[in-house]
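Undergrad: As you go down the protein sequences, you meet chains L and P in turn. The opening position of the first sequence corresponds to residue 648 in our numbering, with each subsequent residue numbered one higher. The opening position of the second sequence corresponds to residue 455 in our numbering, with each subsequent residue numbered one higher.
By construction, these hints were calculated from the structure, which means they are not laboratory data. Quick reminder that beta carbons are idealized off the backbone N, C-alpha and C, glycines included. Errors might be hidden in some of the hints.
Partial list, computed: chain P residues near chain L (C-beta under 8 Å) [as the list claims (entries may be wrong)]: (1) 470; (2) 558; (3) 609; (4) 629; (5) 711; (6) 736; (7) 744; (8) 809.
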Amino acid sequence: MLIKLAWRNLWRQKRRTLLTACALSLALILSLVMRSTQEGSYANNIENNARFSTGLIQLQHPEFAETQSIDDLLPQSDAFIDIAKQLPDVERVLPRIESFSLAAAADKSKGVMVLGVMPELEDDYSGIASKLVAGEFLKQDDKQVLIGQGLAEYFELDVGDEIVLYGQGYRGQTAAGLYTIKGILHFPISGLDNQLVYMPLPLAQTLFSTDKQVTAWVLHTRELSQIEQTVNQLQQAYTEQAQSLGFKGQVNVRDWKALSPEMAQQIAMDKAGGIFMMYLLYGVVGFGLFATILMMTLERQREFGVMLATGLLRPKLLALVMLESSFISLLGIVFGLLVATPILVWFNLHPIQLTGETAQLMLDMGWEPIIPMMLAPWLFIDQILIVLVLMLLCLIYPLWRVYHLDLVTALKGGDHAH
Amino acid sequence: MLIKLAWRNLWRNKLRTSIMLSAMVFGLIGVVTMMGFMTGMYGNMIDNAIAWKTSDLQVHNRQYVDNPELKLLIHSPEKITEALASMPEVKAWSSRFLVDGMVASARSSRGIRINGVDIDDEAKVTPLASKLVAGSWLPVEGRHPVLVSQKTADRLKLRLGSKVVLTFSNVDKDVTGAAFRVAGIFKTPSTGFDDGNLYVRRGDLMKLAGLDGVHEIAVVLHQTENRFSNEAALKVKQRLDAESSNQANRIRDWQQIQPMLATIISQIGVSNAIVLAIFMLAMGFGIINIMLMSVFERTREFGVLMAVGMQKHKVFTLIILETGLLGVTGGLLGVFSASILVNILQITGIELGAMAEGVGALGVDTTLYPQVSVLEYCSTFATVIIVSLLAALYPARQILKLSPVGAMAEKH
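Excised from the complex, chain L in its bound form:
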């Protein structure tokens, strides 16, 4: 009954209802598209960064974070890594050696990052083999290396050429070697592309004389959202079991936020900017909604007066006003979702590929130049909740006015009479 009444009241001022609903849905569409673009590119970047660079979680020697020294190592033994493997959310584990060395070819030299990996495992994880621009991918027992495209251009090297690595090995030993280039990789993270030498783990262990040790165990979890929990479990597991396994010292468990704080903070900053803009937009639209709801109540003081005089209870009157506002908000939400959802679904399946200057800019900043949109229920729920909270805020004053409506003045046409 009340619902029917509210619905009919709504259409007494068709234009106003529609305009208010439109403004709401406009804010909803813009915010939803913006947020889902943001979250989509964050997820994409985290994923990219994880697969090609740091992984989602790394186990490291406690000193390594600060020094990145080849002296601070972890054992590469089954006994050690089985502890992590036993956790339900750990999907895969990859041993790596990461160190710096001087590379020289012809009459140029440059400091490079040497990455010793298990080639098959890495390819399985990141599909890195598909990033080859020349030559072949590594095998585990190869004595050859891959280098980044940027580095290859710097040295003017091609497949089959040789490169000298010269640096510091385990406990001050000299690490030097001459390697043939088996292939050239276009590494999707430009900072690394310019300074990467990629080699099989056993070869790196020989180069740096580390024996069966690694600088990091890279872990990947099944769910991005479960990382925090997994990190805690790992920390606990290693503190408890390390001693009994005869492993001296502790293990430092670091998630991607600790591994690449720059990215984590840029994401946080970008997100803050987006959310600020979203609230601003809703704020502006909110004033419009407030004006509509307020007018809807003030204009009809006389009508409300009559209804009260003929026996309608005040709570019911309040419910009526609330229902009317809810209908407007619902209209806005439904309309907004109807428009936004197809857009999101489309761009979720066909991410926007940027080109030209903007793409270059993003590459320079270390981001991949695509804009994928995220489709996640919480994004939608967030927006709907914001609209509803906005509506409740807008209702406070009008409801208060209605509740304290003076029957006599209202019947005379209210203080608003013309």
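Once you have looked at the hints, place chain P on chain L.
TA: Chain P only, in chain L's frame:
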């Protein structure tokens, strides 16, 4: 007369007009602050990039830019410095000898670019000498002093006086190196720069490399009014180009060295315009709604006005004027309050300390000062008025469609 009428009409429903004005003020403060923040951030990024990395101009050997080989020195650098000395707009320049190599301590090692600089000249070109965290600027005396960044110092566990070994290949393609002592530790706004650079004396480095010369001359000009423009740099570039006839050297201005900066400048305007457009759209909806309400409440009144002989175009003008006045009032109040906020923030700054590493990767200081130019205030204000006038068209048309009789008969 009409204006007076419009102004009075606007205040017949004080509550509603105030709501709309608040919406405008709220929106404008937000939009202007946001635009100021973005401009401030990108402006800071560009300032820092010019101050620390690119300077206004750089001279290299033509081939060195694509292929940084040790042997590709600048052709007759004395001529260039002479020419620079004769130009009044040139503030300072620094000749650098550059080598890519490794820095190693007993603890760890990193790849790094070794900048060999002339002590006095470099101090005038980059703010390096004044931004030391510890120690002092490279001394004239003493054996092999080196300046490392805070980041490198942390990585390699270095303190003042620690010994580091620099290795690189010399002109005979042999790996060479020498021990240096840390004389000072610096920190720039850009973590990427800090990660990849250290400074030694040019003489020391040239002796080790077995080669005399200059790879890079960085030039700074006296400050110009518009710092987003590279005009002054281009002029100097032209004159330098004219003086050296054989084109053996390549002179690039900062926009050529870092095309990214030019892209950013062109994007500041676009992104600010998008932000503004979105808000104006939302605000436009609000205004249409308010005006529709106000017009329809007064349908009868307008009917009477028309019946007693007011021409339709005057009624139309009246409605447009009401909205226009609403826009002017809201715009003025909004822009005024926004400018107060921006001015306060310009004194206090916006602290981004918690995001130090993130902003550092972008090469931005941790305290940001929003920047809004007079032009931006004006264009924002103008946009508000244009949007209000556009928003008035629809409600005004609705009234004009009615005949006086129909309008007078209207009930509500």
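Undergrad: Hints first: check each against the structure and report whether it holds.
TA: So, going through the hints one by one against the coordinates:
A cut of 8 Å between beta carbons decides the hint on residue 470 of chain P: the least distance to chain L is about 6 Å, and the hint holds. For residue 558 of chain P, the shortest C-beta to C-beta distance to chain L is roughly 6 Å, which falls under 8 Å, so the interface hint holds. Given hint, residue 609 of chain P at the interface with chain L, holds; its Cβ is 6 Å from that chain's nearest Cβ, closer than 8 Å. The beta carbon of residue 629 of chain P is positioned within 8 Å of a beta carbon in chain L (closest approach about 6 Å), and the interface hint is therefore held.
The beta carbon of residue 711 of chain P is not positioned within 8 Å of any beta carbon in chain L (closest approach about 13 Å), and the interface hint is therefore violated. Taking 8 Å as the C-beta cut-off, the interface hint given for residue 736 of chain P holds, the closest approach to chain L being about 5 Å. The interface hint given for residue 744 of chain P is met, as the beta carbon of that residue sits about 6 Å from the closest beta carbon of chain L, less than 8 Å. Given hint, residue 809 of chain P at the interface with chain L, holds; its Cβ is 4 Å from that chain's nearest Cβ, closer than 8 Å.
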